[in-house]
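Given these sequences and hints, build the entire structure.
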Amino acid sequence: MKLEAEGSTVYRGEEVVDTHRLNGLAWALGSASAEETAHLVPFFGPTMAGETHFVDVLGLDLSRALLGGITYEWVRPFRDGEIVETRVVIDKVFDKGSNRFGVVVAEFTDGDGALIQRQSSTFIERGAA
Amino acid sequence: MQFSEATTAPVKRVQIARYACAVGDFNPIHIDEEFAKAAGMPSVIAHGPLTAALVIDQLVAQASAEALRGADVRFRAPVFPGDTLTVVPTEDGFEARKADGSVAATVTLTEAGA
Numbered sequence: 001m002k003l004e005a006e007g008s009t010v011y012r013g014e015e016v017v018d019t020h021r022l023n024g025l026a027w028a029l030g031s032a033s034a035e036e037t038a039h040l041v042p043f044f045g046p047t048m049a050g051e052t053h054f055v056d057v058l059g060l061d062l063s064r065a066l067l068g069g070i071t072y073e074w075v076r077p078f079r080d081g082e083i084v085e086t087r088v089v090i091d092k093v094f095d096k097g098s099n100r101f102g103v104v105v106a107e108f109t110d111g112d113g114a115l116i117q118r119q120s121s122t123f124i125e126r127g128a129a
Numbered sequence: 001m002q003f004s005e006a007t008t009a010p011v012k013r014v015q016i017a018r019y020a021c022a023v024g025d026f027n028p029i030h031i032d033e034e035f036a037k038a039a040g041m042p043s044v045i046a047h048g049p050l051t052a053a054l055v056i057d058q059l060v061a062q063a064s065a066e067a068l069r070g071a072d073v074r075f076r077a078p079v080f081p082g083d084t085l086t087v088v089p090t091e092d093g094f095e096a097r098k099a100d101g102s103v104a105a106t107v108t109l110t111e112a113g114a
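Note that the protein sequences, when read in sequence, are chains A and B.
Residue numbers 1 to 129, in this note's numbering, belong to the letters of the first sequence in order.
Residue numbers 1 to 114, in this note's numbering, belong to the letters of the second sequence in order.
Hints should not be assumed to be uniformly reliable.
[To be verified] Per label pair, the in silico range of CB-to-CB distance:
1. Asp100/B - Ser31/A: 21 to 27 Å
2. Ala129/A - Arg76/B: 19 to 25 Å
3. Arg69/B - Ser8/A: 36 to 42 Å
[Said to hold, decoys possible] To list a few chain B residues with every Cβ distance to chain A over 12 Å, as calculated:
4. Thr8
5. Val88
6. Arg97
To be clear, the hints were calculated from the coordinates, so they are not data collected in a lab.
None of these values were measured; they are calculated from a predicted model.
Even glycine gets a Cβ: it sits at the ideal position worked out from N, Cα and C.
Written out as structure tokens, the structure is:
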């Protein structure tokens, strides 16, 4: 991970919460409650513009990287067919011990600018500090 | 709300592939067996957000999506094909435990009205 990536915008744009995506996620989860759960977690912020783009912006070495955690703040579940504004930024990049950490924040807002969901994902690159 | 212990079905390779397609995360450690082994893993691993979604799904099944306001998921160990996750209420939240008792993730939940 590149320390200078801190503050970079990974992605900004509009997304449709389409039925195909929700169904695909529910299919992957494969449970009786999956359809409802899919409305809470249909997007993974860091890969909104494609996993390759995110890796390039953050300078992530995939062979040493892992996802340490993800925090969801839900104002409400997503709604079928709604258009959401998405903003994904690299909030922090820092060293701790021999590892490097990157925190990626994704915010999803509705047409009025009201927050629907905020995600904070922490990546760890082992031995990169 | 009082949550009860609940266990997922075993994670399947096809489930990991479906998740990769659904969210567009094709990191090879999730879908390429040789890459995963070269990275020191015994096989491909489930995406962290998939693990999180599987755990959250067990909680949604007992409450509802509308009843949840937040979840902080910390990953402790990789989840492999064949693993089940038992979501166990603890003093601080929840643990997602594999069949051998090891902890794959811990979860702190925020409910509506909390």
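Hints versus structure:
Range check, Asp100/B to Ser31/A: about 23 Å between beta-carbon atoms, so the 21 to 27 Å window is met. Checked against the hint of 19 to 25 Å, the pair Ala129/A and Arg76/B passes, with Cβ atoms roughly 21 Å apart. The given range of 36 to 42 Å is broken by Arg69/B and Ser8/A, whose C-beta atoms sit roughly 29 Å from each other. Distance to chain A contradicts Thr8/B as a non-interface residue, since its nearest Cβ pair spans about 8 Å, not more than 12 Å.
Distance check on Val88/B: its Cβ is at least 18 Å (rounded) from any Cβ of chain A, clearing the 12 Å threshold; non-interface status holds. With a closest Cβ-Cβ approach of about 17 Å to chain A, Arg97/B is found to remain outside the 12 Å limit, as its non-interface label requires.
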